[in-house]
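Protein chains: 2
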Amino acid sequence: MEKELLLMMPGPVPIPERVRLAMSRQAINHRSAEFGAAYADCVRVLKTAFGTTNDLVVISGSGTAGMEAAIANVARDKKIACLVNGKFGERLYKISQRYGQATEIKSEWGTPLNLDALRAQLEAGAQVVTLIHNETSVGIKNPAEEVGRLCRKHDALFLMDGITSIGGDTVEADKWGVDIAITGSQKCLAAPAGLAMVSVSSRACERMTKNPPFYLDLAAYRKSASGTPMETPYTPAVPLFLALREACLLIDEEGLPARIARHQKMAKAVQAAAKEWGLSLFPKIDALHNYSSTVTAMEYPAGVKDDDMRGIVKKMGIVIAGGQDHLKGKIFRIGSMGAVSAPEILATLAATQHALKKCGYTPKGCGVGAAAEVLG
Amino acid sequence: MEKELLLMMPGPVPIPERVRLAMSRQAINHRSAEFGAAYADCVRVLKTAFGTTNDLVVISGSGTAGMEAAIANVARDKKIACLVNGKFGERLYKISQRYGQATEIKSEWGTPLNLDALRAQLEAGAQVVTLIHNETSVGIKNPAEEVGRLCRKHDALFLMDGITSIGGDTVEADKWGVDIAITGSQKCLAAPAGLAMVSVSSRACERMTKNPPFYLDLAAYRKSASGTPMETPYTPAVPLFLALREACLLIDEEGLPARIARHQKMAKAVQAAAKEWGLSLFPKIDALHNYSSTVTAMEYPAGVKDDDMRGIVKKMGIVIAGGQDHLKGKIFRIGSMGAVSAPEILATLAATQHALKKCGYTPKGCGVGAAAEVLG
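Residue numbers (the working numbering), protein chains in the order written: chain A, 1 to 376; chain B, 1001 to 1376.
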């Protein structure tokens, strides 16, 4: 078999061997003390990564299932203000439309959120606010703390998608006033895809709908998780839980502050490379917004074709991401999340630098060297 | 590490090594040709096991997610007749209540379904009918073909849960007129828990709601599965798909008819043991209903305590199931599904026979010997 491609997209990400091997063991009963202990290990570490003491449950499903669980349980028939400056913000808006009276507070992709419009919506009675903390599609980090402050002021519930920040960047769900925070397994946690983690504040619990969906009924998950042994209401994806437990133990061993510092350094390295190459970072940031610490989006120089550039990188065994939807061909994105560190970043930047040259663009300087300066 | 327990419950079941090891490889991109090919392999084999040429999609979630997908997509705001003679029939009824005007057609658990009441509901305008083909909680096989005939006569949609029959017993979804059939990965397919497979007829497609849930939107799954490469609309649980592909290849290698014959023989062996022990099978069957071919439920003799009996079996390294809800302590259930064969069945029956004796019951004869006669 050929060597696997190195995935340097904003998820899925390479999975450490210990995590992968945890899935190869024989099936265990999901109503056993052993499974319950594995679930408890996950929750303990995840609460630290979320920055929360709230209840936290794990759903067998993708991050999107977690998003829908949040909205379907607390936003049904309510006024929902959806902050949008990228693809995943749009997705939260689309889900919100299926459950309540959703208003899209739209900024151009990759530009700051319109917090004045949010204030106006809150004053007009918005009861729920949705936010993507780290908008993967454009590489921008949105001001969760500020949004949380506004939500509290107006007693609105704050639903935050932390799918590509939790476990790789500073997240303080409780301090920021997040009522429901969501993450996915295959991003900064470096576990396999297929699990969504959802934390729920007591405020959110008090405001839950009496008519939730069945599979995504958060009250049912909370109830099963509060028993001995800890359980899920429906059969969980057992191997994924065992893998997640190993991934959480690795986070514990590295230490969350060190892990976050590593992520921030990797993103700085990619940003330094872009600057040296003379490429613009795609997001337009301001005092409240920042570049993502887990994925860096940069603009293609004129004349460089997306398929060609990423094709050359892929031939060297590395997958980076292009733009999504209307940004296809305009930007490319390098993920730096999970278990990767200097070797993977340097290899990716070297391959990218080579591909840019092959595609006819002459980088201003050596991005790889600039990144090494940051990482070394 | 201690040896894993042998799971002889009605799922999860032991997973063949080849299937487990498929999960230990590095993450692959779920938007790649390689992932698409794995998904296509699954669908090709699963269509045979379902007995269908309809579209078939795989959802990252448990069987319950598949059940809800079926109901939420075609039964919203409709009149739903739910056939119930066990726990999982009740679950379909509970899910149906969240989406439409559901009527429970209730029989005592483990007794034949009331098809006269179904006829009356259909005549009164029921638009959707839900059925558990193999009711795991009580070990009864329900008459899917007959239910399908009635649904067609009255132009109602027929939703069939085949979670513990598909891949282990004869299922002819198209011949029986099933509009949506559902199965789960961790039962007769002997793959890990966490995936639901759903087949959808063109009739069901024509009647889909315009307001489906988001994560369980069957139209979105069908659309993504029809592309090149085959995809899922949201990030799938990649390792579980790779495992399912191996499990499907194993089904192909064994041959579906041989696999079904093996399951039927194993169930006959367990039934023969029960008879020899002098224990009553729990289900009350008639000309249309039958004993399950994948799980056998039998009544405890007077004086034998569930915890004691199953505790002794577990001490010997084997897990069998007790009764659920009001049947707790009254019955026990031996699963015979997936990749197991004579050795696992014989060991389980020998341990059970020993445990019955230790609990003060003197079996009439040697059930293990009777089972060996069937299996040999």
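Just so you know, the hints here were simulated from the structure itself, not pulled from any lab data.
Source: prediction; values computed, not measured.
Glycine is no exception: its CB is placed at the ideal position from the N, C-alpha and C atoms.
Some hints here could point you the wrong way.
Once the Cα atoms are required to be at most 27 Å apart in a straight line, the calculated DSSO-like pairs of lysine-lysine come out as [claimed, not checked]:
| hint | chain 1 | residue 1 | chain 2 | residue 2 |
| --- | --- | --- | --- | --- |
| 1 | B | K1223 | A | K328 |
| 2 | A | K330 | A | K284 |
| 3 | B | K1078 | A | K78 |
Where chain A lies over chain B, by a calculated footprint (3+ residues, C-beta under 8 Å) [said to hold, decoys possible]:
| hint | region |
| --- | --- |
| 4 | 1026-1038 |
| 5 | 1081-1087 |
| 6 | 1142-1152 |
| 7 | 1189-1201 |
| 8 | 1214-1224 |
| 9 | 1270-1282 |
Simulated restraints on C-beta separations [claimed, not checked]:
| hint | chain 1 | residue 1 | chain 2 | residue 2 | range |
| --- | --- | --- | --- | --- | --- |
| 10 | B | Q1026 | A | R203 | 27 to 33 Å |
| 11 | B | E1172 | A | K3 | 42 to 48 Å |
| 12 | A | A261 | B | A1258 | 54 to 60 Å |
| 13 | A | H354 | B | K1175 | 55 to 61 Å |
| 14 | A | A261 | B | R1025 | 45 to 51 Å |
| 15 | B | D1286 | A | N211 | 34 to 40 Å |
| 16 | A | K314 | B | D1155 | 36 to 42 Å |
| 17 | A | R25 | B | D1286 | 42 to 48 Å |
| 18 | B | G1125 | A | N114 | 30 to 36 Å |
| 19 | A | A40 | B | E1108 | 55 to 61 Å |
| 20 | A | R25 | B | A1040 | 25 to 31 Å |
| 21 | B | E1172 | A | H354 | 31 to 37 Å |
So, going through the hints one by one against the coordinates:
1. B:K1223 - A:K328: Cα-Cα ~21 Å, so holds.
2. A:K330 - A:K284: holds (15 Å)
3. B:K1078 - A:K78: holds (24 Å)
4. 1026-1038: holds (count 5)
5. 1081-1087: It is violated, with 0 qualifying residues against the three required.
6. 1142-1152: violated (count 0)
7. 1189-1201: Satisfied; 4 residues make the cut.
8. 1214-1224: It holds: at least three residues are needed, and the region 1214-1224 of chain B offers 3 whose Cβ sits within less than 8 Å of chain A.
9. 1270-1282: Three-residue rule not met by the region 1270-1282 of chain B, so violated; n is 0.
10. B:Q1026 - A:R203: 27 to 33 Å: With a Cβ separation near 41 Å, B:Q1026 and A:R203 fall outside 27 to 33 Å, so the hint is violated.
11. B:E1172 - A:K3: 42 to 48 Å: holds (44 Å)
12. A:A261 - B:A1258: 54 to 60 Å: This hint holds: roughly 57 Å between Cβ atoms.
13. A:H354 - B:K1175: 55 to 61 Å: holds (58 Å)
14. A:A261 - B:R1025: 45 to 51 Å: violated (30 Å)
15. B:D1286 - A:N211: 34 to 40 Å: holds (38 Å)
16. A:K314 - B:D1155: 36 to 42 Å: With a Cβ separation near 51 Å, A:K314 and B:D1155 fall outside 36 to 42 Å, so the hint is violated.
17. A:R25 - B:D1286: 42 to 48 Å: With a Cβ separation near 43 Å, A:R25 and B:D1286 satisfy 42 to 48 Å, so the hint holds.
18. B:G1125 - A:N114: 30 to 36 Å: Since B:G1125 and A:N114 have Cβ atoms about 50 Å apart, the given range 30 to 36 Å is violated.
19. A:A40 - B:E1108: 55 to 61 Å: violated (38 Å)
20. A:R25 - B:A1040: 25 to 31 Å: holds (28 Å)
21. B:E1172 - A:H354: 31 to 37 Å: Violated, since B:E1172 and A:H354 (Cβ atoms, about 57 Å apart) do not stay within the stated range.
The structure fails hints 5, 6, 9, 10, 14, 16, 18, 19, 21 (numbered hints given earlier, in ascending order).
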